[in-house]
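Number of protein chains: 2
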Amino acid sequence: MERVSKNGMPVVGMVGGGQLARMTAQAAVALGQTLRVLAVSKDDPAARVTPDLVVGDPDDGAALRELATGCSAVTFDHEGVPQEVLAPLAEAGIPLRPAPSALVHAQDKLVMRTRLAEMGLPVPAFAAVSSPADVTAFGAEHGWPVVLKATRGGYDGRGVWFLRAGGADTDALVADLLDAGTPLLVESAVPMTRELAASIARSPFGQAAAWPVVETLQVDGQCARVTAPAPGLSGDAAARVQELALRIAEELDVVGLMTVELFETAPGEVVVNELAMRPHNSGHWTIEGSVTSQFEQHLRAVLDYPLGATAPVAPVAVMANVLGAAEEPAMSMDERLHHCFARFPDAKVHLYAKDGRPARKIGHVTVLGSSVDAVRERAELAAGWLATATWADGWSAHADDPRKDS
Amino acid sequence: MERVSKNGMPVVGMVGGGQLARMTAQAAVALGQTLRVLAVSKDDPAARVTPDLVVGDPDDGAALRELATGCSAVTFDHEGVPQEVLAPLAEAGIPLRPAPSALVHAQDKLVMRTRLAEMGLPVPAFAAVSSPADVTAFGAEHGWPVVLKATRGGYDGRGVWFLRAGGADTDALVADLLDAGTPLLVESAVPMTRELAASIARSPFGQAAAWPVVETLQVDGQCARVTAPAPGLSGDAAARVQELALRIAEELDVVGLMTVELFETAPGEVVVNELAMRPHNSGHWTIEGSVTSQFEQHLRAVLDYPLGATAPVAPVAVMANVLGAAEEPAMSMDERLHHCFARFPDAKVHLYAKDGRPARKIGHVTVLGSSVDAVRERAELAAGWLATATWADGWSAHADDPRKDS
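Residue numbers (the numbering used here), protein chains in the order written: chain G, 7 to 412; chain R, 7 to 412.
The shape of chain G in the complex, shown without the other chains (with noise of 0.2 Å):
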């Protein structure tokens, strides 16, 4: 069946009211479509930016066949959609887009660690944990310190402790979380000089296309900083790893964005972390960094349009979340904005329409230039000004162990 909007141009409709479907949104615009979204409020940064909405719940199968109707094609926004509400919907011939089978390496971090093993690929020692002992006999086979995940339903940094040791009080963490129902899996802590993101878009075809591999810094658990390519990274490396990312792609046969998130342990030695199949806050620099961005790309790929071309357009590219502070400040963000617009000109401004709670990405700045320093400090000022209305050192003076507060 062939599903078109009004002006002949394919409709997507997009599970999520956030800041990536605000984005898609924007990016849909030039494609000459409308992005149908389903948000839980009006309100939300996607909902404030189409005409194009389903207000619901995305677990709630109606509203998921409601947002289907008439779309060449569902995509998502975050991974939060049970299985068990996907599976009816594919069984009924709604274009899931990437596929609940696909999309489950995504959701669910045993799963995806059990078949990126089985397929050879560089992941951490894992095993899967139905009680206390099986973290302590982890952790007795390959050392501690270990982490402990949620496999379903964590992201930035929630669903993750780090475990200095066994005993008592971690008997008792692992003991509650299984008893409130956390399905949980234990890992090795991989030793890290610093943590990479590889981006791949794909299409049905089976055609595909990476984006350079991204150094991106993590604080308290979240992205907090994105440099494009990654500083250092050795051409060779840098193709490594985007192959590992191709392949895992079609391996899965993931459609639309990918991204997987990796450890780099030694120079161009990588494991992988976690696979997210939407775009990716790692992404957000490719919106004028690149040729095509991942908004873009990403609805080329879910309608099987040929993709887009992804070289950077300049040498360096950085990109700054905004993170809400821990005290809203005095002064307004329009005015904020005034001040970070006449000191910085050239930074290009993402506001996602959300209000600003403590540490909670409410939007990002991306710079670009030539130099991996000076780009930072302008992207970082800027993002820091926008986020507290003060001009305070960037991230870079007091990066971290991203794990240690975990």
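If you are wondering where the hints come from, they were derived from the structure by calculation, not from laboratory data. Check before you lean on any hint, since a few could be wrong.
Heads up, the list lumps identical chains together, so a pair's fine if it works in one copy or across two of them.
[Stated by the list, open to error] No more than 25 Å apart at the CA atoms, straight line, and that leaves these computed lysine to any residue pairs for SDA-like:
#1 Lys48 - Val61
#2 Lys367 - Ala131
#3 Lys367 - Gly14
#4 Lys367 - Phe168
#5 Lys48 - Gly62
#6 Lys367 - Gly86
#7 Lys367 - Phe350
#8 Lys367 - Pro57
#9 Lys48 - Val60
#10 Lys367 - Arg200
#11 Lys48 - Lys367
#12 Lys367 - Glu147
#13 Lys367 - Asp352
Because the structure is a prediction, the values reported are computed rather than measured.
With the hints as your guide, set chain R onto chain G.
Chain R alone, transformed into the frame defined by chain G:
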């Protein structure tokens, strides 16, 4: 009175729901805003991409007041709102950007010609026309051919008549137009080598920023292709043209975008053709080709934000319009887009979600690169394909005096 939306960001209202408003709505997303649009129909290009829509006529005072309620600035995607409609709104304190006293120079060619001549700026010889004898006398004094123009309401080549000589036919045309109530002026046909355009933005504070001067190619009276920067224009000449545009903006107290359309009569020598006070077809290349797009800049200007950097991001940018074909192609736009993307993965396509009536602007394509000829060829092939579903020679191959068909 402070006017802000529920999320604390200002609201801009735009009169008109065409592609300029559509692309302004797209730019508003990044600034945390939702553009409010007054459109004639909910199927208009901009109405399809914003949830904040007022349906009504642009010359309906009640609709304009509804649009303005809660807006920090009201601006325009066309010059079609009569002064008699704008005057009471301005008197009521509605923040019109630009003010009617500036906008009139983009609405009435006689007012504009008179004012620019008073400023000592280069304009063609011109005269008001209240009878056929006025045209005959002008031709006798300044020589034939002459150009007859409707002082108000013309655009994209409409309202312009190229008159090779006086006589009965010319008298009859002028008399018929005057009888129909068309206000007219006559001006010398300027021998020119090409057309240029200079776009600037200016804020209420008085800050102004100019983009590189571009070359425009008109076909059948409307913009077909834009090359940025204008090839072969010397740095001195470009600076003089930018200064001319900035001086006009300051003198007329323009707020928002303004484009000066110019005829180049000899290398670096120009006369002013038209003024536009809104985002303009000749500035679409700025979406990908400049640090700040004309659409974001227009929002920044009308809201009195500091303006963004206007530097180009590539040596050459070419924008080619997708103009509705004489006959509807057998292949749908969706299919045409597939083929376009397959051939040109670096072409940036913008579709306006409009029906493809002949010669109607239904989209545009921008390509960046370093060789004028190569970039033009790619942009023209892509735009021509999207228009006609044929890989035809671009306009470069048969560019003519744009006035020949007038």
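Results for each hint:
Proximity of Lys48 and Val61 under a CA criterion of 25 Å is satisfied in both settings, with 7 Å inside one chain copy and 20 Å between copies. Taking identical chains as interchangeable, the C-alpha atoms of Lys367 and Ala131 are never at most 25 Å apart, the minima being 31 Å within one chain and 58 Å between chains. For the homomeric pair Lys367 and Gly14, the shortest alpha-carbon distance between copies (17 Å) is at most 25 Å, but the shortest distance inside one copy (36 Å) is not. Taking CA atoms no more than 25 Å apart as the test, Lys367 paired with Phe168 passes inside one copy only; the shortest distance there is 23 Å, against 58 Å between copies.
Taking the shortest Cα distances, Lys48 and Gly62 sit within 25 Å of each other both inside one copy (10 Å) and across copies (24 Å). In this assembly of identical chains, the alpha carbons of Lys367 and Gly86 lie at most 25 Å apart only when taken from the same copy (18 Å versus 41 Å across copies). In this assembly of identical chains, Lys367 and Phe350 lie within 25 Å of each other by CA distance solely inside one copy; the values are 21 Å within and 35 Å between copies. Proximity of Lys367 to Pro57 under the C-alpha cut-off of 25 Å is found in both arrangements, the shortest distances being 24 Å within a copy and 23 Å between copies.
For the identical chains of this complex, Lys48 and Val60 are neighbours both inside a copy (9 Å) and across copies (18 Å), given an alpha-carbon limit of 25 Å. In this homomeric assembly, Lys367 and Arg200 come within 25 Å of each other (Cα to Cα) only inside a single copy, at 22 Å, whereas the closest approach across copies is 49 Å. In this homomeric assembly, Lys48 and Lys367 come within 25 Å of each other (Cα to Cα) only inside a single copy, at 19 Å, whereas the closest approach across copies is 33 Å. Taking the shortest Cα distances, Lys367 and Glu147 never come within 25 Å of each other, neither inside one copy (38 Å) nor across copies (68 Å).
Only within a single protomer do Lys367 and Asp352 lie at most 25 Å apart by alpha-carbon distance; the minimum there is 21 Å, versus 31 Å between protomers.
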